[in-house]
Structures are given as structure tokens and as C-alpha cells.
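A.B. asks: Line by line, the protein sequences are chains A and B. So in this note's numbering, spot 433 of the first sequence is number 529, and the numbers just go up one at a time. So in this note's numbering, spot 2 of the second sequence is number 288, and the numbers just go up one at a time.
Keep in mind the hints are simulated off the structure, nothing from the lab. There may be inaccurate statements among the hints.
Straight-line distance between alpha carbons at most 20 Å, and here's what the computed EDC-like set of lysine to aspartate or glutamate pairs gives [stated by the list, open to error]: (1) A:K249 / B:E383; (2) A:K249 / B:D352; (3) B:K309 / B:D387.
Here's the letter readout for the chains.
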Amino acid sequence: MTNLIILPILIPLFTGVILIFLNNRIMAQRVVASISSIGTIIAAWLIVQKVRTDGIQSLNISSWDAPFGITLVSDMLSALLVLTTSIIAFVCLIYSFKSIGEEREKYYYYAVFYFLLVGVNGAFTTGDIFNLFVFFEVMLMSSYVLLVLGGTKIQLRESIKYLLVNVISSALFIIAVAYLYSVVGTLNMAHISARINEISVNGMPGILTVIAVLFLIVFGLKGAIFPLYFWMPGSYYAPPAPVLALFGALLTKVGVYSITRTYTLFFYHDMDTFGILSILAILSIVFGVIGAIAYWDIKNIIIYNIIVAVGVILYGISVLNTASITGAVYYLMHDMLIKAALFLLVGVVISITGTSNLRNISGLINRFPGLGWTFFIAALALAGIPPLSGFVGKLLIVQGGFEGESFLGAFITLMSSLLVLFSVMKIFINGFWGKDRTYVGEEKAPVKQLLIAPVILVVTSALYGIGSEFILPYITQAADTLIDPNIYINAVIKE
Amino acid sequence: MEILMAFVIGILFMTATYLMLSKSLLRIIVGTGLLSHGAHLLILTMGGLKRGAAPILGGNEEGYTDPLPQALILTAIVISFGVTAFFLVLAYRSYQELGTDNVEEMRGTEKDD
Chain A
97 MTNLIILPIL IPLFTGVILI FLNNRIMAQR VVASISSIGT IIAAWLIVQK
147 VRTDGIQSLN ISSWDAPFGI TLVSDMLSAL LVLTTSIIAF VCLIYSFKSI
197 GEEREKYYYY AVFYFLLVGV NGAFTTGDIF NLFVFFEVML MSSYVLLVLG
247 GTKIQLRESI KYLLVNVISS ALFIIAVAYL YSVVGTLNMA HISARINEIS
297 VNGMPGILTV IAVLFLIVFG LKGAIFPLYF WMPGSYYAPP APVLALFGAL
347 LTKVGVYSIT RTYTLFFYHD MDTFGILSIL AILSIVFGVI GAIAYWDIKN
397 IIIYNIIVAV GVILYGISVL NTASITGAVY YLMHDMLIKA ALFLLVGVVI
447 SITGTSNLRN ISGLINRFPG LGWTFFIAAL ALAGIPPLSG FVGKLLIVQG
497 GFEGESFLGA FITLMSSLLV LFSVMKIFIN GFWGKDRTYV GEEKAPVKQL
547 LIAPVILVVT SALYGIGSEF ILPYITQAAD TLIDPNIYIN AVIKE
Chain B
287 MEILMAFVIG ILFMTATYLM LSKSLLRIIV GTGLLSHGAH LLILTMGGLK
337 RGAAPILGGN EEGYTDPLPQ ALILTAIVIS FGVTAFFLVL AYRSYQELGT
387 DNVEEMRGTE KDD
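Model the full structure from these sequences, guided by the hints.
C.D. replies: Shown next, in the form of C-alpha cells:
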């Protein structure tokens, strides 16, 4: 079935539309949402298998041939990211059932949730640069609504900042696309790559380097890399836990994916831009780590860990050899899973204690051992302790760094693991050990039901680490496409 | 012609940047409006401003203007219209709730929730 790859976009779209009509019937909303979420996971899984056996899948919408119409392209990287997104969405959904509250559910929470998924899955799957912009806007528009839904003071205040930053970066995206269009005269990503290849016989023209840096600024604003992450700690502090988990796991990773895609597909002729990317990635790691160890607030600690992870992944991309790209792809998916898990666990802790200040929390493990040990495993996975999922990715990135003789970056990546471990262990030691306290929300919080969602994610992440032998062929296939753009071009533009 | 447009767009971007750096929320929103005007004019300009008929088939004109940038602008206009409408309502709502439109006073994360 050739239309298979559009299903992860269409299923959430139709679900979102149906959910608009069910806004007052909460049980019906939940049932529809769960069913279609499982449907999306199955569709994404079928795409992964299809890409595994038959290579890159591309679908020309309305049968217009490749450079002229919009093409959807599902290579292994896109397929795996869509699968990971679907799993995270399902988990955040079942967490929302217990935690989000009737007020929000009645005001189209699930509908907007599904429109966010349309945007994310679309951005991962599209093969057209302007269509990528449109899917970005779908995603961002939903994220504005999810961020402000509920209308508390902090949400309103932080939404304004988040919205302003994203309006500016969207305008910059349009500007970058306009420049690129005037140079290459096409919008299809494979065709752009082929045209840039033609004009870069003696090195990439200067104007394309400028456009490459402009794209780095645009996607860096979405993905929170070093000088452009300033909006993130404030904005991500505001929303409730399941929304925060969705944002932390998906939104920044779409920016990271877009940098990966444009840099490996368009701008691979000029290693100087990769040098800039490398420096910014390393600085993101450093500043993220500084933030993560500086705060005594559990939300802020995990938020700064997003910046560290973005830096590690982009460092892997910037080294541009087989080991580092494979590692970056592996680490990307690990990080999506584990960040969602950590934010949901933080949400459980906040629902018990009513605060996110670490100084007011201690001794949680006495009465919530399940929560404590789940958090412990998630923390070890985040830092990259061997049997768990963070290990293989970081190992390959560091290996690639040494092979590419980028010793400083590899060293900083290794050191960052230590400090990341310190920052999450600080939560564990101060929050879970120590003297027993009683909390306000302790009786009311449905801890057991809330824990189901993060436990699913932590188990998935552990299996992802233990079964790395089984998963590595998929990751290698994804990395092959990134290293050799001709595979992508030939799959899209069929002669 | 493109040179003139480049200057006009540059002035739009300059004004937008200046307005977005100010303290009043409404001036910031006006700034985003000018920024998207600039971006849309830029797409039109970068597509080329050659003479040609409007891209409507039916006559027997010699040549047409490039239809692709016009479609892109139409999409971008609608999107920025939606975002601006949302932004204005958000500003109105936060003026009611927070009692200020000065972004300098919209600070802090922990105490005042």
C-alpha cells in the first residue's frame, strides 16, 4: 500500500477533528483518543518494517512527479522518529487521563494534543522545505494553545515570551526559504540537494553558507542550542506535566531533526558550517550542564538536561562520520523516551508534594518505593550507564569524536555525562532519601495510576538499551542515508 | 526594482526589530506584523520581479510571473494572520489577568503563580 506513510499524519488529523465535536463528553474523548493513538503506533511500526525491507518510501501527493508536487519521504530516520513520537504520545495521553483535570479536557485539550502530533509527524515525514515550515506552524500553533490552556498567570506570561520567540523564528524561516528559493529555484528537498551539488563543484558558494547559518539560527531557536536557548527554561516551566513531557520530548527534537536533515542533505559540501555547528553544540553541552547543576528545582534541572542532550546529538552530527552519526541517531531516540519519562516522573513528584523545590522534598522512597526506583533507573539511563539505553549512543558519539580527531568535543561529552548524573542524582538523593515528611497532596494523588505511563517509558528505554544488537541494523540504515545523500535523492527523484 | 524592494524590506525589518525591543506589548505585536510584511515581500522579491502577465491561464500572453512565490505568500499570510489573532487575544487576556502590558514586569517563575 503506497499511502502507508501518510497514515501517521492522517490518523491524528482526523482524530483531532472528531474530538472537537466531542468536547463535552470526556469518556468518549478518551476512548477515541486511545484507540487512534494505538492505531498510529501500529501504522508507524508498519512503516518501519516497510522501510527496513524495501528502502526509502516516498509518496507524491496527488501523483505530481517529484520536484513539482509535495513529496512525503519516509527514510529510516523519519520512520523511527515517527514511531518514537507515537509511543510517547500514547504514554502522555494515558498520563493525561489521570492528571490533566476536567476543565482542560472540556476545552479541547485532546483535540489540540492531536494537532500537535499532526505537526510533529508531518515535520518528520515531509520532503518539501516549505511544507516543513507549514508543519512547523501546525506544531507550534498547537503548542501555544497547550501552553496557555488553563490560563494561570504564569502560563499567560510565559506564553507571551514563547509565542514572540517563535513568531520571530518563523519569520526567519520564511526568509531563509526565500533566499534558498532564489538561489536554487526549487522547494523539494531532494531536488534542492541535487541542485546544490551541481553548483558546488569548486566548493559551496558563499551565499549558500550564509543560508546554512540562517537555517542553523532558525532551527537552533526551535531546538534550543547554545546562544538561542534563552526562552526555554521559562517557557517550559509553565505548563502541566504531560504537556511538558510532550514539549521536552518532541518539540526541540524536531528542531534537531531539521538541522540534521538540512545539514546532511544540503550543506555537506562546506565543512566550515559543520565547524560552527560543532562549536555551538559543545557550548550547548557546557551551558546546559552548568544550568543543570546550578538549580535546586527539579523541573529546571530536567529542562537544562534537554539542552545538554541537544548539544550531544548535534555534536554527533557535526563530526559527520559513520560512528558519530549512528550514535547521534541512537541517542536522539533514547533521549526522546527518557526525557518524556523524567518529566512525567517529575509530574508525579509534584502531584504528591505540591512543590518542585528540592529543598522542601525528602524521604519519598519510604512511602513511594516504586516511584523512587523508577526514577533511579531513568536517571541512570539518562547518564548512560552500560546496560541502559543512554550508553550505546554516547559510546558511538565519543568513538566518532575520537576517530574524527575532535578530542575536545569527545572529552566534554564524556565529562558532561558525569555532571548530568550528578544533577539527577541530586534529585534522587535529596528528594527520595533523607527524613520522612508528610505532604499536602499525598492522600489525593493517584500515584499508582500516574506511575503506569513513566514505567512504560522506562521499560521501553531499558529494552532499547538491552536490545541494541537487535535495533542497531535499523539505526545503521538511518545513518547510511544521512551520510550518503544520493540514496535519498535517488529514492525521491525517480529517473 | 529588486534593489528598491530590498531597501524597503530592510527598513521594514529595521522598524520591526526596533518595535519588538520596546517594553509595551502592543508595540511588540505591531513589530511582529511588520516583520511578517517584510518576510512576505521578501518571498515575492526573491522569486524575481520580471514583467509578465498575472498567472491566470486563458489569455495568450507571452510570459507569466512566477506563480510559486505567490502561493507561498498566501500560505504564509494566513498562518501569520492566525498567529497574530491568537497573540492579540493572549495580550488582551494577560492584560486582564496580570494588570500590565509592560513586559519588564512579566518576570519571575517561582513565587507568584
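A.B. asks: So, for every hint listed, does it hold in this structure?
C.D. replies: Structure-based check of all given hints:
{"no.": "1", "hint": "A:K249 / B:E383", "verdict": "7 Å, holds"}
{"no.": "2", "hint": "A:K249 / B:D352", "verdict": "47 Å, violated"}
{"no.": "3", "hint": "B:K309 / B:D387", "verdict": "8 Å, holds"}
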